[in-house]
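Peer 1: Mind docking these for me? Both chains are given alone in their own frames, and the hints should help you get the complex.
These protein sequence lines map, in sequence, to chains A and B.
Position in the first sequence (first residue = 1) + 619 = our numbering.
Position in the second sequence (first residue = 1) + 10 = our numbering.
Because the hints were derived from the structure by calculation, they are not lab data.
Here a beta-carbon is modelled for each residue, glycine too, at the ideal position from N, C-alpha and C.
Keep in mind that the hints are not guaranteed to be accurate.
What the hints assert, rightly or not - Some chain B residues near chain A, calculated using beta-carbon distances under 7 Å:
(1) ASN42
(2) GLN44
(3) LYS52
(4) GLY53
(5) LEU54
(6) SER56
(7) LEU59
(8) GLN61
(9) PHE113
(10) LYS115
Stated by the list, open to error - Not close to chain B: a few residues of chain A, all C-beta gaps over 10 Å, as computed:
(11) ILE679
(12) ARG687
(13) ILE696
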Amino acid sequence: DVKVTQSSRYLVKRTGEKVFLECVQDMDHENMFWYRQDPGLGLRLIYFSYDVKMKEKGDIPEGYSVSREKKERFSLILESASTNQTSMYLCASSSPYNSPLHFGNGTRLTVT
Amino acid sequence: KQEVTQIPAALSVPEGENLVLNCSFTDSAIYNLQWFRQDPGKGLTSLLLIQSSQREQTSGRLNASLDKSSGRSTLYIAASQPGDSATYLCAVTSGRSQGNLIFGKGTKLSVKP
Numbered sequence: 620d621v622k623v624t625q626s627s628r629y630l631v632k633r634t635g636e637k638v639f640l641e642c643v644q645d646m647d648h649e650n651m652f653w654y655r656q657d658p659g660l661g662l663r664l665i666y667f668s669y670d671v672k673m674k675e676k677g678d679i680p681e682g683y684s685v686s687r688e689k690k691e692r693f694s695l696i697l698e699s700a701s702t703n704q705t706s707m708y709l710c711a712s713s714s715p716y717n718s719p720l721h722f723g724n725g726t727r728l729t730v731t
Numbered sequence: 011k012q013e014v015t016q017i018p019a020a021l022s023v024p025e026g027e028n029l030v031l032n033c034s035f036t037d038s039a040i041y042n043l044q045w046f047r048q049d050p051g052k053g054l055t056s057l058l059l060i061q062s063s064q065r066e067q068t069s070g071r072l073n074a075s076l077d078k079s080s081g082r083s084t085l086y087i088a089a090s091q092p093g094d095s096a097t098y099l100c101a102v103t104s105g106r107s108q109g110n111l112i113f114g115k116g117t118k119l120s121v122k123p
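If we strip away everything but chain B, and leave its shape as in the complex, we get (with noise of 0.2 Å):
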């Protein structure tokens, strides 16, 4: 059964700082990976999706990485602001079936100014 797991569960970093969040997944059977961000008391918002067949995905300072072979995706955050504080999640589709959406418990993001 598809595991994914994001370590570490919350990470604190001053303003301006480049940083990155993982997600590593069991079975690398994968159809996409999905990152998104959540903040407090709200719903999720896509971020990237990167399909089985590409390694990168970049949106403005954000790029997204999938390694299918090793079961990992890195999240890299350019130049962080204090608004892109919130909680990170990354996702794996196993099979063509978005019923088959698998969830890590997410990354707690806090920029500090």
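Here chain A stands alone, though its shape is the one from the complex (with noise of 0.2 Å):
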């Protein structure tokens, strides 16, 4: 069974911080992604990755970063955490190409 694993569950930082959110996922996955999910605008998707190094910017890049030197792994950095931040942030992984996507339990990031 596919586990993808999302370091924290919730996650409460002030604003300015730098913030690391931290993805893992089991199944040898080329494809990783990071949305965040707010009520009424839906699932948005912040960054998607393809492959070790490689990085696509998704909907809404604007205030993030990413980092996947290992396959497994894909970080969400927040340079400098502002309140417009906070959201559930959702990790997930596929095969490419008409695979379903898996996701992780979710991070509830607060900035205040």
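Peer 2: In structure tokens, the structure reads:
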């Protein structure tokens, strides 16, 4: 069974802090994704990676960066956290082409 | 630009009913369509994936259909149970890259005992 693990379920950070959200998958998937989910706005793609060290911007990359140094790990970085980045962050992985996405349980980030 | 709509936003049914959830999309040039389930405060669980060349997929009490020409998909749940209560989301992939996955906002289903 595919497992996608996000390092924290809940996180509280202060404005201006640098925040790291970690995601690890155990199925050797090429694709990894970071989404944020907000009430009324649904899921929005922040960044997508289709291979080690490869990344593509999603719909809302501003204020975020990512790192994929190893195939199994995809990190989301908030360079300087702001209150409008308070959200549920979801990591997902998949094989390429016509394969279902597998999601982690999410990290609920609060920036105060 | 592809848009995915799910109506209704919320649905409440008594236990045992068969029910249909709807998903529509504006651009019929999709690569596949996926249905997911999300429990409160949790991530999404993949239920069914229908490739663009397929008409339907089944898993247990779930059956998903796809009509590309009309831009519609339905998720049929047979003999609903309280444990089916969750939010159901559909998502379409436009183009081969899964970075082009577009989600609907979901239908929140409540099955009353």
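Peer 1: Look at each hint and say if it fits the structure.
Peer 2: Here is what the structure says about each hint:
1. ASN42: holds (5 Å)
2. GLN44: Since chain A brings a Cβ to about 6 Å from GLN44 (chain B), closer than 7 Å, the hint holds.
3. LYS52: holds (5 Å)
4. GLY53: holds (4 Å)
5. LEU54: holds (4 Å)
6. SER56: Holds. Min distance 4 Å.
7. LEU59: holds (5 Å)
8. GLN61: holds (5 Å)
9. PHE113: Holds, because the Cβ-Cβ distance from PHE113 (chain B) to chain A comes to roughly 4 Å (cut-off 7 Å).
10. LYS115: holds (4 Å)
11. ILE679: holds (13 Å)
12. ARG687: holds (14 Å)
13. ILE696: holds (19 Å)
Every hint, counting from the list given before, is met by this structure.
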